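Colleague: Below, each chain spelled out in residue letters.
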Amino acid sequence: AQSVTQPDIHITVSEGASLELRCNYSYGATPYLFWYVQSPGQGLQLLLKYFSGDTLVQGIKGFEAEFKRSQSSFNLRKPSVHWSDAAEYFCAVGTYSSASKIIFGSGTRLSIRP
Amino acid sequence: DTEVTQTPKHLVMGMTNKKSLKCEQHMGHRAMYWYKQKAKKPPELMFVYSYEKLSINESVPSRFSPECPNSSLLNLHLHALQPEDSALYLCASSQALTEYGYTFGSGTRLTVV
Chain A
-17 AQSVTQPDIH
-7 ITVSEGASLE
3 LRCNYSYGAT
13 PYLFWYVQSP
23 GQGLQLLLKY
33 FSGDTLVQGI
43 KGFEAEFKRS
53 QSSFNLRKPS
63 VHWSDAAEYF
73 CAVGTYSSAS
83 KIIFGSGTRL
93 SIRP
Chain B
92 DTEVTQTPKH
102 LVMGMTNKKS
112 LKCEQHMGHR
122 AMYWYKQKAK
132 KPPELMFVYS
142 YEKLSINESV
152 PSRFSPECPN
162 SSLLNLHLHA
172 LQPEDSALYL
182 CASSQALTEY
192 GYTFGSGTRL
202 TVV
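Residue numbers (the numbering used here), protein chains in the order written: chain A, -17 to 96; chain B, 92 to 204.
If you're looking for bench data, these hints aren't it; they were derived computationally from the structure.
Here the structure is a predicted model, which means the values were calculated and not measured.
For each residue, glycine too, the CB sits at the ideal point set by N, CA and C.
Any given hint might turn out to be false.
Not the full set, but computed from the structure, chain B residues with beta-carbon under 7 Å of chain A [claimed, not checked]:
{"#": "1", "residue": "PRO133"}
{"#": "2", "residue": "PRO134"}
{"#": "3", "residue": "LEU181"}
{"#": "4", "residue": "GLY196"}
{"#": "5", "residue": "GLY198"}
Here are the computed lysine to aspartate or glutamate pairs in the EDC-like style, where the Cα-Cα straight-line distance is at most 16 Å [to be verified]:
{"#": "6", "chain 1": "B", "residue 1": "LYS129", "chain 2": "A", "residue 2": "GLU46"}
{"#": "7", "chain 1": "B", "residue 1": "LYS113", "chain 2": "B", "residue 2": "GLU94"}
{"#": "8", "chain 1": "A", "residue 1": "LYS83", "chain 2": "B", "residue 2": "GLU135"}
{"#": "9", "chain 1": "B", "residue 1": "LYS132", "chain 2": "A", "residue 2": "ASP36"}
{"#": "10", "chain 1": "B", "residue 1": "LYS131", "chain 2": "A", "residue 2": "ASP(-10)"}
{"#": "11", "chain 1": "B", "residue 1": "LYS131", "chain 2": "B", "residue 2": "GLU94"}
Computed list of chain B residues with no C-beta within reach of chain A, every gap over 12 Å [stated by the list, open to error]:
{"#": "12", "residue": "PRO99"}
{"#": "13", "residue": "VAL139"}
{"#": "14", "residue": "LEU164"}
Extracted from the complex, chain A is given alone in its bound form (with noise of 0.2 Å):
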């Protein structure tokens, strides 16, 4: 079965500041891997993908990821961050077979120091 890491609970940086959030994935195949961000109360909103091609996948917001199957990673980068991106951030793995679904990480709550 799939499953996804997050190691780090809570993160703080400035603002200003560049940003990597980490992710690792265990799965047995090449999996699709998503990065959501979600507000205080909202839904989530989908930042990037990635499930084949280019290992570096630009998302939305100025965020970007990279994937390195030789180190089960997908990691989040943002090159300078702004106070707006305060979120809890999920790292998430799905698969296709005849049941596929999505499995999210725990999360990353970031905060942003001024």
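With chain A held as given, fit chain B onto it using these hints.
Modeller: Frame of chain A, contents of chain B only:
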């Protein structure tokens, strides 16, 4: 229309009540999902509908009853809930294949008293 609309946004119900949550999308997506999210936790999959047929039930208690009347609508019928069922209930939809990711609604905040 690129949205998933959930109603109501907030719901308070007693343990003997019957209520329903509604989810609607007009993106032509053929898969729809119910997730439950407790505070400070990730969303947990409850049900998956694919082409209007239930394809996954993640061992959800029978007090939660999903229904997919057509390809645009998804309901979650609630009966005899417990206080621990209080949570944010999220609906999502997608193209048939997982690789495209899901579009989520903003959720229904359910409180069981």
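Colleague: With reference to the structure, classify each hint as holding or not holding.
Modeller: Hint-by-hint comparison with the structure:
1. PRO133: Result: holds, 4 Å to nearest chain A Cβ.
2. PRO134: 5 Å, holds
3. LEU181: 6 Å, holds
4. GLY196: Holds, because the Cβ-Cβ distance from B/GLY196 to chain A comes to roughly 5 Å (cut-off 7 Å).
5. GLY198: Holds. Min distance 5 Å.
6. B/LYS129 - A/GLU46: 28 Å, violated
7. B/LYS113 - B/GLU94: The given pair, whose Cα atoms are some 14 Å apart, holds under the 16 Å limit.
8. A/LYS83 - B/GLU135: 11 Å, holds
9. B/LYS132 - A/ASP36: Violated - the C-alpha atoms of A/ASP36 and B/LYS132 are around 31 Å apart, more than 16 Å.
10. B/LYS131 - A/ASP(-10): 14 Å, holds
11. B/LYS131 - B/GLU94: 24 Å, violated
12. PRO99: 14 Å, holds
13. VAL139: Given that some Cβ of chain A is not farther than 12 Å from that of B/VAL139, nearest at about 6 Å, it is violated.
14. LEU164: 18 Å, holds
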